[in-house]
Amino acid sequence: MSFVATFNSLPAVELRRHSQNATLSEFETALQHPNLESFAVLISPAADLEKLAALAQKTTLRHFGKVIRLYAPLYLSNECINICRYCGFSRDNPILRVTLTPEQVAAEARYLQTEGFRHILLVAGEHPHFVSNNFLRDCVAKLRPEWPSIALEVGPLETEEYRPIVEAGAEGLVIYQETYDREVYTSMHTSGPKMNFDWRLETPERAYQAGFKRIGIGALLGLSDWRSEAIAVAAHIQYLLKHCWKAQINVSVPRIRPAAGEFQPLSQVTERELVKFVCALRLTFPEVGISLSTRETAKLRDGLIPLGVTMISAGSHTEPGGYTGQGRADLHLTKGGRRIDSEGEHATVQFEIADNRSPAQVAAKLDTMGYEPVWKDWDISLNG
Amino acid sequence: MGTGKFASGELMAAALVASGAELVTVALRRADLTGGKDKFANILTFLDPKKYQLLPNTSGARTAEEACRLARLGREATGSTWLKLEIHPDPRYLLPDPIETMKAAEILIKDGFTVLPYINADPVLAKRLADAGCATVMPLGSPIGSARGLETRASLAIIIEQATVPVVVDAGLGAPSHAAAAMEMGADAVLVNTAVAVASDPVRMADAFKTAVIAGRSAYEIGLAPQRQEADATSPLTGFLNQ
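Protein chains in written order, with the numbering used here: chain A, 1 to 384; chain B, 1001 to 1243.
Just so you know, the hints here were simulated from the structure itself, not pulled from any lab data. Take the hints with a grain of salt, since some may be wrong.
Label-pair ranges, simulated between beta-carbon atoms [stated by the list, open to error]:
1) Glu1161/B to Asn21/A: 52 to 60 Å
2) Ser191/A to Lys1039/B: 42 to 50 Å
3) Lys1110/B to Lys246/A: 24 to 32 Å
4) Asp48/A to Asp1201/B: 56 to 64 Å
5) Ser2/A to Arg1228/B: 53 to 61 Å
6) Tyr1093/B to Trp199/A: 29 to 37 Å
7) Leu24/A to Val1017/B: 29 to 37 Å
8) Glu14/A to Ile1107/B: 46 to 54 Å
9) Ile1107/B to His332/A: 52 to 60 Å
What you are looking at is a predicted structure, and each value in this text was computed from that prediction instead of being measured. C-beta atoms are modelled at their ideal positions from N, C-alpha and C, and glycine is treated no differently.
Let the sequences and hints guide you as you build the complete structure.
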């Protein structure tokens, strides 16, 4: 039985209602008993945010200490066969696209090494031709000699398709459900394999079966009511902790950013609500990793770090070739999935980042905040 | 002492000095094992091998195979044949896997390592590991970072009483009093990390642990007064027999 069955039988409406209507005294009780029901109460409007933050800070300190792990995303390709209304890479967006070769990927990666990064996240749109399983395996194999830790954020694959990628040296897999609201999911994903909600929902389990040691999940905040999304994410974490017990489970809380296609969020999540979400995650799941990308501003990121965040990216580019201009010669404009040759300087970004500080500036800030920036916290020899 | 969770390498080095530690463990996964002297993975540069017996550890390993591979790379990179063998497949509670630990210990001892295994407080496993040639056993007081102290006290007492190798109580020691209690029981050493690293003043906390360890050891050597449930009657009930 996969998480789909658990998810389908989740008393989502009741939990959401309780989350909305909880009282301050129920909040106080919920602090004592970390479970899914109390998580719903911790994110309620009645929750005392300052109290939540103080406890989250203590819990984070005890479990993770005064260290923050740094990682960098490296975009392999912005080709995509899916139509996702909120995503800059959506097939129907007329944007400049490119897929790097493994050699070009290695050149981009070398730049990130000079910046200090030893943890890399390879990101790509979903495209069986341009971003094939063999291509992903080749990119990982190319990076393996120089990278202690390689993770992927790519379209879902079958367990057997993941295995060669794990054997090539990949250790982590990130897969966001985007939204746990089936209706909204259907209206957002109108074409391509991503239309299959359940297939995507079961991806973390397939990744675990294939041998990934670190699994990241999350919802893209801004598509549906955030409290419902948060409860579903918490339920998913709870399931994975039990069923994929040898994997380090990580969660991310991305909010929608401006991108090609000019999609406007359907639902707002304020900074205050985001902080509440992070603190509630930390208190309910003290050992779970929480990563925070450059989607958020420097001010919010710096503020969130002591409250529960364990991994951050810095100086990110969200387009292939963004760091060193690799692949420029192959740039092309596509419209409705058809290639129209075109000249351009840069591939189009997936979304605009909000924290433009360099990795060195972020590391210096961590230092002044009393945190050690940890660049290497894994070794390739730990991968089978 | 452990070396994780500190706010900086400098603070860690200062806390180590204050602690009076002789053995210092370091996670190999945080070090550069390629011999390239990576300045972004430089935790080893803060640890003077002339001052401390370096005890590289295999934290992150989930199987005997992974631990052995990491240990061998670590030996080449650090020059230390001493190894804290840590195998915890569950990244959530970081509890050690007894089966994989036993397997890895046998392999690594044959391979010339001085193995100090991190284990649950299991007296039979402790005996098996000592028989296999481990240099110590390192049973946990409570889960890593939990600060709950000697929750495994009854089993620790058996391990210490039965031991033919030094016993190092590792993990869960959240307060100097926990460390003192372990030493009073007859533990040969304690291993402390989180309680010092996340303290508001790690250097002073390290010193507090040092004082507690010395006090606990002295008390053990002197011998504690036996504990009693009742007060001792000043007029013995059988005193009439002497009259």
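Hints, verified against the model:
| no. | hint | verdict |
| --- | --- | --- |
| 1 | Glu1161/B to Asn21/A: 52 to 60 Å | 57 Å, holds |
| 2 | Ser191/A to Lys1039/B: 42 to 50 Å | 48 Å, holds |
| 3 | Lys1110/B to Lys246/A: 24 to 32 Å | 27 Å, holds |
| 4 | Asp48/A to Asp1201/B: 56 to 64 Å | 29 Å, violated |
| 5 | Ser2/A to Arg1228/B: 53 to 61 Å | 59 Å, holds |
| 6 | Tyr1093/B to Trp199/A: 29 to 37 Å | 31 Å, holds |
| 7 | Leu24/A to Val1017/B: 29 to 37 Å | 47 Å, violated |
| 8 | Glu14/A to Ile1107/B: 46 to 54 Å | 53 Å, holds |
| 9 | Ile1107/B to His332/A: 52 to 60 Å | 54 Å, holds |
Taken one by one, the earlier hints fail for this structure at numbers 4 and 7, listed in ascending order.
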